[in-house]
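**Student:** Sequence:
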Amino acid sequence: APSENNIMVWNAVIFGPEGTPFEDGKCGYVWAWGTFKLTIEFTEEYPNKPPTVRFVSKMFHPNVYADGSICLDILQNRWSPTYDVSSILTSIQSLLDEPNPNSPANSQAAQLYQENKREYEKRVSAIVEQSWRD
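Mapping the sequence shown onto full-length UniProt numbering, position 64 (from 1) lands on 64, and the numbers just tick up by one.
Hints listed in this document are in silico derivations from the structure and should not be mistaken for laboratory results.
Some clues are possibly wrong.
Stated by the list, open to error - Derived pair list, reagent style BS3-like, types lysine-lysine, alpha-carbon separation capped at 25 Å:
| # | residue 1 | residue 2 |
| --- | --- | --- |
| 1 | K49 | K37 |
| 2 | K58 | K117 |
| 3 | K58 | K37 |
| 4 | K49 | K122 |
| 5 | K37 | K122 |
Using the sequences and the accompanying hints, generate a full structural model.
**Tutor:** Here you go:
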């Protein structure tokens with residue numbers, strides 16, 4: 001929904017996807033039940049240019065930078081004016097469970113995701129629990 005004082009800045013919430021544990025090598029339930037806040041900033045060039053989307057919630061994810069920016073192709077070189085807010089948020093929700101460790105924004109998270117899933121899940125679980133308090 002648009003923020004009170006600027007119609008070009010929206011506040012959004014996504015929920016962690018509820019997957020199947022270790023289905024096709026994915027972590028599954030690790031993000032489930034998390035509640036994550038984001039901001040979406042539109043420019044006058046939208047929908048021809050993508051909005052800037054950032055997590056406000058603290059995140060530990062291979063494709064999320066420390067400032068909350070998201071490394072996701074549809075928000076950069078694969079943008080299309082056909083994407084709406086719903087499809088952007090759905091893509092981000094999918095990214096939580098299906099990170100791309102080959103394009104890391106957080107190299108520590110990417111390394112743990114690939115080499116030590118148990119430790120990665122522990123860190124994500126702490127983020128999920130923190131999301132309930134934010």
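**Student:** Could you grab the alpha-carbon distance between K37 and K122 and see if it respects the 25 Å cut-off?
**Tutor:** Judged against 25 Å, a Cα distance of about 21 Å means the pair holds.
**Student:** Holds or violated: K49 with K122, Cα cutoff 25 Å?
**Tutor:** The hint is violated at about 37 Å.
**Student:** K58 and K37: Cα distance at most 25 Å?
**Tutor:** 9 Å, holds
**Student:** Checking one constraint from the list: CA of K49 to CA of K37, max 25 Å. Satisfied?
**Tutor:** Roughly 22 Å between the alpha carbons, so the hint for K49 and K37 holds.
**Student:** Mind checking the alpha carbons of K58 and K117 for me, to see if they're no more than 25 Å apart?
**Tutor:** 20 Å, holds
Checked against the numbered hints given earlier, the structure breaks only hint 4 and satisfies all the rest.
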